[in-house]
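Peer 1: What follows is each chain in one-letter form.
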Amino acid sequence: MSTAVAQNTSTASHDAGETKHMNMIEAINSALDVMLTRDPDVTLLGEDIGYFGGVFRCTAGLQEKHGKTRVFDTPISECGIIGVAVGMGAYGLRPVPEIQFADYIYPGLDQLISEAARLRYRSAAEFIAPMTVRSPFGGGIFGGQTHSQSPEAIFTHVSGLKTVIPASPYDAKGLLISCIEDNDPTIFFEPKRIYNGPFDGFYDKPAKSWKGRDDAQVPEGYYKIPLGKARKVTEGDAMTILAYGTMVHVAQSVCEAKGVEAEILDLRTLVPLDIEAIEASVERTGRCLIVHEATRTSGFGAELSALVTERCFYHLEAPVERVTGFDTPYPHSLEWAYFPGPVRIGEAIDKILEA
Amino acid sequence: MASAKDETGRNRPPLELHVPEPHYRPGDAVDFSHLDITRPGAQPRPDEVCEAKETYPLCDDLIRVLGDDNQAHGPWDPRLGADSLRTMLREMALVRAFDNRMYRAQRQGKTSFYMKCRGEEATSVCATHALAADDMIFPSYRQQGCLIARGYEPIEMINQIYSNKADKLKGRQLPIMYCSKRLSFFSISGNLATQLPQATGFAMASASKGDSRIAATWVGEGSTAEGDFHSAMTFATVYNAPVIFNVINNQWAISSFSGFAGGERATFAARAIGYGIAGLRVDGNDPLAVYAAERWAADRARSNGGPTLIEHFTYRAEGHSTSDDPSAYRSADEQAEWPLGDPVNRLKNHLIALGEWDDERQEAQDAELDTMVKQAQKDAEKNGILGHGLHHPFHTMFEDVFEELPWHLEEQAEQAIRERRIKFPEGRPGS
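Protein sequence lines correspond, in order, to chains A and B. Residues in the first sequence are numbered consecutively from 1, following our numbering. Residues in the second sequence are numbered consecutively from 356, following our numbering.
Check the hints yourself; a few may be wrong.
Stated by the list, open to error - Taking lysine to any residue pairs in the SDA-like style, the calculated list, with each CA pair at most 20 Å apart, reads:
id	chain 1	residue 1	chain 2	residue 2
1	A	K229	B	P761
2	A	K224	B	T589
3	A	K68	B	D566
4	A	K229	B	E759
5	B	K564	A	R70
6	B	K564	A	R94
7	B	K564	A	I128
8	A	K229	B	E765
9	A	K68	B	P761
10	A	K68	B	E765
11	A	K229	B	H763
12	A	K68	B	P681
13	B	K733	B	R456
14	A	K68	B	Q463
15	B	K523	A	F127
16	A	K68	B	T592
17	B	K564	A	D41
18	B	K564	A	K229
19	B	K564	A	T37
20	A	K224	B	H763
21	A	K65	B	E759
22	A	K68	B	T589
23	A	K224	B	K564
24	B	K564	A	G50
25	B	K564	A	L62
26	B	K564	A	R38
27	B	K564	A	P40
28	A	K229	B	W762
29	B	K536	A	K229
30	B	K564	A	L353
31	A	K65	B	W762
32	B	K536	A	F127
Claimed, not checked - From the derived model, a few chain A residues whose C-beta atoms are all more than 12 Å from chain B:
id	residue
33	G53
34	K68
35	F72
36	K258
To be verified - A few chain A positions that, by computed beta-carbon distances, are all more than 12 Å from chain B:
id	residue
37	G89
38	G92
39	P95
40	R118
If you're looking for bench data, these hints aren't it; they were derived computationally from the structure. As the structure is a computational prediction, the values presented were derived from the model and not from experiment. Ideal placement from N, C-alpha and C gives every residue a C-beta, glycine not left out.
Pulled out of the complex, with its shape left as it was, chain B reads as follows (with noise of 0.2 Å):
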């Protein structure tokens, strides 16, 4: 043990080190009184080209829109029609239907991973929206929502998913781990938070250039953590630079709290304080607030207003990925208890509300989304699944590294070649 005595023999009180705790471990009863849940529609709305500072209140804050009476309330209403309401909401469904079958797919061994996004649909979905087609899309690992709003086929994600010979990536990347140069939305990288730096570069490359694309990229409240983090919100503030920053606050990093970033000190958004950027939190279960608050953020950047921080309040429903199981290390109440509800569900239940939909509809359009993914899905499977065969040729393995093959390439390239030719001396079928 150390000594608590100085030189000089004073007494000093011991030091302690703090540890973060959850408020509820498994088995817990849970209680989420202690949130402060803002009133919707009471939160200001400054001008898209305001000084940051203005926007400083709004990061202790929680910009809501939805109330419990399913209408939209205050300045953040995006007076959005109902056909594009009804377009996210079917987009949402569409994200959820498809993570459903996709777990399941990885459950009977046709890949190797799945990540589902349950109860996030809208900080991706919504968010996507309030961009423009053409701007960059930086991700992170949880945001298919957005590949969906921008309209990827679901029979292009389960080839990838399933690194199938009609895989575009070519069976190199893990499942989930998207890229579409096409919809502008970035290769995705397993390496967390390096998308922050890269969309701010994209970002200063775009004003550079005089050109009108703006970046946005994605990061959960965990990898916030990670020293890119603070790179790039250094160069963005020093370069002014057009890019939103959306932070996925979904209380858990696997099976760390939110606490572990420095959720229990201060809010994810003021961090944008010490930054001297825009900041806003947001309800990430509202779909209309998540809209409200990224289209504020990106016509603020479109106009060299500068980049905006935004922390998505919300809840991962599901485990982090399939290779986790939640109960193992949270209480299995608390998504039920989660007070800011589920995203679908609350525009679901706003578009009734308005007169512009109903139950019926939604339970045919779930039918018919499940039968599409279902029918992709079958589509897909002819392509192959994970290890049985239907993978791209050896040789494309070697490709790629460089531009053009150099000669330590070719050679291993030839060893695996030959190595095959060994292992499978009368050809393998279908490979």
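Excised from the complex, chain A in its bound form (with noise of 0.2 Å):
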């Protein structure tokens, strides 16, 4: 068995508080509180986001507690959202606009790619555009097509945003406040399967809760978790695993399900990459499995391989694999046929042990 690693004890700092239990979505909005309180420029903006709390709840109370002005709704517009935080951001605010589904991201991209990613480039750092862009992400909730996709690589392949998806509460909250902090344009993916508890990837068993967990033990304040640095989930010689979001948990579950010691790193940010504990864990393990839950070609994953071959190939005992989910839209009811859950996983362990 593989060896879980301590969560929770490198950066909360002494003005963090008291911890307590959450779930994600409590540790979201516990984020979301702490900087409304400490940054007056901090504004929250966003579809159904201010008196009735969001779709998912991220940001219930948040308008009664801050008012009107500082969390508000907006109209059905992803391109008005993010053009409007590109102005804020301009007057000098730190706008954090929620998109609803990740899905719905797509009328917002010009704004994002071409305003928001390039703005402190094409003014020499005159103006900069330091918003943070939530929104739901992955499937495995029946959402169908439209509200289960993965557009992550979209995002990584952009110059000048920084994308960023945590795997659980403690993180989430730790993540979300430097992005907020961040002076550039933050894409924070929320993995919503995995809100209310650690999906193992075992659809037809009962859902579990974070409860008694370590990493859902969240100091009550202000606390941060480096950009750019992943995360080591658990120790071991057999392979090294490149995960992020949900899948770390189905990736951790699988191995312990077949009794694999594997090291698996939450990578965290995708961009930018902590591309020093991806090459130390693999130099050491020889053998390295990514697993993401967005279509495969071209997913991130294909970056991730590319790197690990480029930079890690005389270390290499056998070829790199990639786990993901198929080059489909996310279908219904297939879904867990789409999904790369145990099986595929699975395979590809067995694939490269055998190498």
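Dock the two chains into a complex; use the hints.
Peer 2: What follows is the structure, given as structure tokens:
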């Protein structure tokens, strides 16, 4: 069995306050609350986030506490949401727009890619876009093809954007605070399948909650987890597994079920990537599996595979493997046939070990 | 061919697809008598904080102040003093002198690209004068007049146009895509209409902070077709944002006439009606009317009256840019026949009619401005012209992508510098 690495010990500072149990929704809500309190320039906007508190409840109570000009509903216009956030950033605010589902982000792409991501560069740093775009992503909730997508590779391909994906309540809060304080535009994708519990990939077994887990013990105050730093989830020699979001938990449960001692790295930030942690791990284990839920072709796994091959080739004892979603839209009824679950991951692990 | 009979065999009339066609193509004689050119002074001027709907008749009208008698008429006369009028005249003339010289510089191979604004000078220069100095301008690409009206140095503009070593934007932007935070002039984007939601967001931020600054943005009539226009209008009306939308209807979007943005069906000002915001349609070649309309909208925004959409009805007297030849798609007679005249001449003639100016002073000023621009050009050329080595250091290519340089860009920067050493082992003088 691989060894789980103790969490939550490194970055919480003395003002992080009392620790309490939170699921990922509560941790995100807490991060937003802390930042709205600390920084009068932090402003939240998005569809249904105000009075109602968001369709996933991530902003519940924040409008009442911080006021309507700090936390407000918007028209159904992702282009408008991102566009006004660019203008708010130019004024000096620190906007945190929510896109209700990552699947809805495409009307805002021009404002993200051509404007927010390029503003610092094209103005030689006279203007910046210090926004954090929060958006739930990923499947496993029977959302069909328009509420399940994982479009992270679109954003990692854009120069000037940072892409961050948490895998636990503790990380979600610390990473989100780092994103909000970051002076560059950041995409913060929230794996909605694990909002309420760490999904292990066995959809036909009872759902688990975050209760009792170390990584759901979250300080109530301010703390940060630095961007660009991966987290070692388990230690092991059999292989390195690179994953993020929901798939961290799925990969871990498959390794446990199969008795494979893998070193699982939760990447946490895709851009900038923690290449040092990846190289150090792969050079030690000599084998590498990459797991993501997004479609395969030109997915972020392709980038990871290329980097590992370019930089660790002479340490590799087996071809790098990718486990991903299929190159189809996310189907509704066949969701679990699409999802890169235990069978697909298990097969890849066997293949790597047999090589 | 699709059948014109339905499943029960009934005849149905064939549908027709309407593809707009401009009135005049190359070689056509031009007659603009179909345009409804209104009488100067005849348009009512509602109070700045009126209900938006009081402005709706003005969306189908045309606010004009300067008459053929070169006098100012009616309630929209902004009653500016002669010094203010001479300042605007001088700045419009400077824009024209600057445009002429930079156009030639592009033709001489000193840069890759240029865009003139001949005929549209009033829509930027005079509108800017109606704003406070710290109101935020979100320009499109033909608003050099805004920068000049705020006192930007021609040499700074030319350094940018040449992408040389003194270019404040480090040679990263296409020529004329200026930016000056000091002068509250936002960075110009090549992606059209993106500035409209941004201006709205700036205005919303200013309002949420209880500030007094407003935002003003410019867009061509062609790019009102972008979704950003609709998003911006919707957000502006929802939050009653203190923002002014200047739609410069210069009739042409490269080779596509305004009909391809819906101009055959309704005025661009009339779009304000659907959003419930104030709308004005103004003679964009009338410097006094432009000033008055912009000032009305600025006063309205500043008193929490909300956004205004202003259509500046004007004519693009030259090509879209140095990259197109307008004689290939429109009649060469259009510019001469344009019934609203030339903004520089109209303001000049008004000042002369007031006894505050004369042709000799105009000629002397034109000569002085040309000399000034020529000198700025010479000074800028000491910093280099495009493609002659006097650019920013290679490493700057990788800076400002992020606030801090991540490892992958550091590696790529090392590669770029290595490639250069391989290509120029002895080093390259002046770079």
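Peer 1: Quickly compare the C-alpha distance for A:K224 and B:K564 to 20 Å and report which way the hint goes.
Peer 2: Violated, at about 27 Å.
Peer 1: Hey, A:K224 versus B:H763, does the alpha-carbon distance stay inside 20 Å?
Peer 2: Between A:K224 and B:H763 the Cα gap is close to 23 Å, so the pair fails against 20 Å, i.e. violated.
Peer 1: When you check the alpha-carbon spacing of A:K68 and B:T592, does it fall within 20 Å?
Peer 2: holds (17 Å)
Peer 1: Take a quick look at whether A:K68 and B:P681 sit within 20 Å of each other, Cα to Cα.
Peer 2: violated (51 Å)
Peer 1: Evaluate the condition: distance from the CB of A:K68 to the nearest CB of chain B exceeds 12 Å.
Peer 2: violated (9 Å)
Peer 1: Do the alpha carbons of A:K224 and B:T589 lie within 20 Å of each other, as the hint requires?
Peer 2: This hinted pair is violated, its Cα atoms lying about 36 Å apart.
Peer 1: Would the pair A:K65 and B:E759 pass a check requiring their Cα atoms to be no farther apart than 20 Å?
Peer 2: violated (34 Å)
Peer 1: Hinted pair, alpha-carbon criterion (20 Å max): A:K68, B:T589. Please report holds or violated.
Peer 2: holds (18 Å)
Peer 1: Would you mind confirming whether the straight-line C-alpha gap from B:K536 to A:K229 stays at or under 20 Å?
Peer 2: violated (34 Å)
Peer 1: Just to be careful, I want the Cα atoms of B:K536 and A:F127 compared with a cutoff of 20 Å; is the pair within it?
Peer 2: Since the Cα atoms of B:K536 and A:F127 sit roughly 7 Å apart, the hinted pair holds (cutoff 20 Å).
Peer 1: Beyond 12 Å on every Cβ pair: is that true for A:G53 relative to chain B?
Peer 2: Consistent with the label, A:G53 stays out of reach of chain B, its closest Cβ about 20 Å off (over 12 Å).
Peer 1: Given the hinted pair B:K564 and A:L353, is their Cα-Cα distance within 20 Å?
Peer 2: violated (60 Å)
Checked against the numbered hints above, the structure violates hints 2, 9, 10, 12, 14, 18, 20, 21, 23, 29, 30, 31, 34, 35, 37, 38, 39, 40; every other hint is satisfied.
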